[in-house]
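For the sequence shown, the working numbering begins at 1099 and goes up steadily by one.
I should point out that these hints are in silico values taken from the structure, not numbers from a laboratory. Take the hints with a grain of salt, since some may be wrong.
Claimed, not checked - Straight-line C-alpha distance at most 30 angstroms; calculated DSBU-like pairs for lysine-lysine:
{"#": "1", "residue 1": "LYS1437", "residue 2": "LYS1346"}
{"#": "2", "residue 1": "LYS1443", "residue 2": "LYS1403"}
{"#": "3", "residue 1": "LYS1110", "residue 2": "LYS1269"}
{"#": "4", "residue 1": "LYS1441", "residue 2": "LYS1346"}
{"#": "5", "residue 1": "LYS1418", "residue 2": "LYS1346"}
{"#": "6", "residue 1": "LYS1158", "residue 2": "LYS1127"}
{"#": "7", "residue 1": "LYS1127", "residue 2": "LYS1110"}
{"#": "8", "residue 1": "LYS1437", "residue 2": "LYS1110"}
Unchecked claim - Simulated restraints, written as ranges between beta carbons of each label pair:
{"#": "9", "residue 1": "ALA1197", "residue 2": "GLU1489", "range": "21 to 31 angstroms"}
{"#": "10", "residue 1": "ARG1153", "residue 2": "GLY1493", "range": "11 to 21 angstroms"}
{"#": "11", "residue 1": "GLN1433", "residue 2": "GLN1250", "range": "55 to 65 angstroms"}
{"#": "12", "residue 1": "ASN1248", "residue 2": "ASP1478", "range": "45 to 55 angstroms"}
{"#": "13", "residue 1": "LYS1441", "residue 2": "ASN1251", "range": "53 to 63 angstroms"}
{"#": "14", "residue 1": "ASN1132", "residue 2": "GLU1111", "range": "12 to 22 angstroms"}
{"#": "15", "residue 1": "GLY1271", "residue 2": "LYS1334", "range": "34 to 44 angstroms"}
{"#": "16", "residue 1": "ALA1116", "residue 2": "LYS1158", "range": "44 to 54 angstroms"}
{"#": "17", "residue 1": "THR1376", "residue 2": "MET1439", "range": "17 to 27 angstroms"}
{"#": "18", "residue 1": "GLU1112", "residue 2": "ASP1261", "range": "37 to 47 angstroms"}
{"#": "19", "residue 1": "ALA1197", "residue 2": "GLU1111", "range": "27 to 37 angstroms"}
{"#": "20", "residue 1": "SER1321", "residue 2": "PRO1223", "range": "53 to 63 angstroms"}
All residues carry an ideal CB built from backbone N, CA and C; glycine is no exception.
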Amino acid sequence: MSKMSALANIYKEEIDFAALSLQDADFVKVLKSNGQLDFSNPESVQQLTKSLLKRDFGLKITLPPDRLCPPVPNRLNYILWIQRLLDSASDSYTDIYDAEREVLGLDIGTGASCIYPLLGCTQRPKWRFAGTDIDDKSLQFAKQNVKDNNLQNRIKLLQTQPDDPLLPLDKMGFENIDFSMCNPPFYTSTAEMLSSASLKQRPPFTACTGSANEMVTPGGEVSFISRMIDESLILKDRVQWYTSMLGKFSSIEPLVKKLREKGVDNFAVTEFVQGSKTRRWGLAWSFDDLRPCVDVARGVASLQKSLLPFPGEYVIASSKSHTEVGERVNETLTQLPLKWMWKAKLSTGIGFSDKAVWSRAARRHVSMGQEGVVNDEDEDDMAFGFKVVAEPNQGGVSGSKTTVRWLKGHDSVLFESFCGMLKRKVEEVAK
């Protein structure tokens, strides 16, 4: 887990308004006598956002009454997911937060609050952001919020036009960035937005103050994100991870289908759950070959399996101890012409290969004296990377489990073939 992952739980429970009122005098003014908050009152909702940002992140923001007021827990969930996405798909292959890694992100439609860049920079000192918006008023407030938090050196803002690219890397002077993020307009029309609000018992947290261009776009979010996918097909790996929040569960299927049609095999979907009512979803895709871990990539339990990305983890159970299994794994992989490093104390190893060197055909080549040596090739150029971890079963149960994690590559058949070979070798130990 990332070093910052503890933050994922700070809003796990419903927010304690009584506690917040004791910690912030401004919040007391909007709290009703029964200790509840009037969510139909934009001023109350806005003060909740300001008070949470102040108490939990030391951030001060100013918001206009006629622009989106972002719910902090929901926005934090999205930032935390991007942190995990980058941490688990990095060329350090450690799955943990690298405090020295310099990261540049782009927030498309940053809004008056500029909340994503502010949250991202507050948590990770080496992160920088660019933010765009087509709305002049929102941008003026965003600039003031950046200035009020002394983040002018780490957050740069650009006003764009509706016809400009959503990802204006050239205009901003960026050759490469680490990720893009976006909270797109959800609705296809104002009528749809009002209909959605009327179906809820209380107005949607943010819809009550959002301007038209923040809430509505022709074709809704599917059309908006499809445009982003089209741009990504040109930019390719100039952005490591393209991401977007989704307001509707129904948007996942057409967008995943489009990615697959375009040959994108490295993608991730997740669900952001806040309290008992609010759900949002996240979609990310990459042309790079670094694979995120399973809990980041396959985070929507209710989604049909065919729409989830290929599972990049494979578990092998054994009646033997993790030490015995680890020795067998190391012995097997040391004999193959691949890059392999095993740490016996941790029962963990990382390896890279350019092809299925464990297959019968590859072994025949070696026995005939061909290609029996590992090239001194950099793992960046290798087609397949993996991690193997052997560990004892929990709860006093005898035996062990060995997890094979897909770290790198585009070929799922290669990963499956490797897992099948290793499973056979591990099972031979038990005989």
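These are the hints, each one checked on the structure:
1. LYS1437 with LYS1346: Measuring from Cα to Cα gives roughly 44 angstroms; hence the hint is violated.
2. LYS1443 with LYS1403: Given that 30 angstroms is the threshold and the Cα spacing comes to 36 angstroms, the pair is violated.
3. LYS1110 with LYS1269: violated, 39 angstroms
4. LYS1441 with LYS1346: With Cα atoms ~45 angstroms apart, LYS1441 and LYS1346 exceed 30 angstroms; violated.
5. LYS1418 with LYS1346: Violated, at about 47 angstroms.
6. LYS1158 with LYS1127: Within the cut-off at roughly 18 angstroms; holds.
7. LYS1127 with LYS1110: holds, 25 angstroms
8. LYS1437 with LYS1110: violated, 42 angstroms
9. ALA1197 with GLU1489: 21 to 31 angstroms: Distance hint for ALA1197, GLU1489 holds at roughly 26 angstroms.
10. ARG1153 with GLY1493: 11 to 21 angstroms: violated, 39 angstroms
11. GLN1433 with GLN1250: 55 to 65 angstroms: Since the Cβ atoms of GLN1433 and GLN1250 sit about 57 angstroms apart, the hinted range of 55 to 65 angstroms holds.
12. ASN1248 with ASP1478: 45 to 55 angstroms: Since ASN1248 and ASP1478 have Cβ atoms about 37 angstroms apart, the given range 45 to 55 angstroms is violated.
13. LYS1441 with ASN1251: 53 to 63 angstroms: Cβ of LYS1441 to Cβ of ASN1251: about 40 angstroms, so the range 53 to 63 angstroms is violated.
14. ASN1132 with GLU1111: 12 to 22 angstroms: holds, 19 angstroms
15. GLY1271 with LYS1334: 34 to 44 angstroms: Violated, since GLY1271 and LYS1334 (Cβ atoms, about 18 angstroms apart) do not stay within the stated range.
16. ALA1116 with LYS1158: 44 to 54 angstroms: Since ALA1116 and LYS1158 have Cβ atoms about 23 angstroms apart, the given range 44 to 54 angstroms is violated.
17. THR1376 with MET1439: 17 to 27 angstroms: violated, 44 angstroms
18. GLU1112 with ASP1261: 37 to 47 angstroms: holds, 43 angstroms
19. ALA1197 with GLU1111: 27 to 37 angstroms: Holds - the Cβ-Cβ distance for ALA1197 and GLU1111, about 29 angstroms, lies within 27 to 37 angstroms.
20. SER1321 with PRO1223: 53 to 63 angstroms: violated, 37 angstroms
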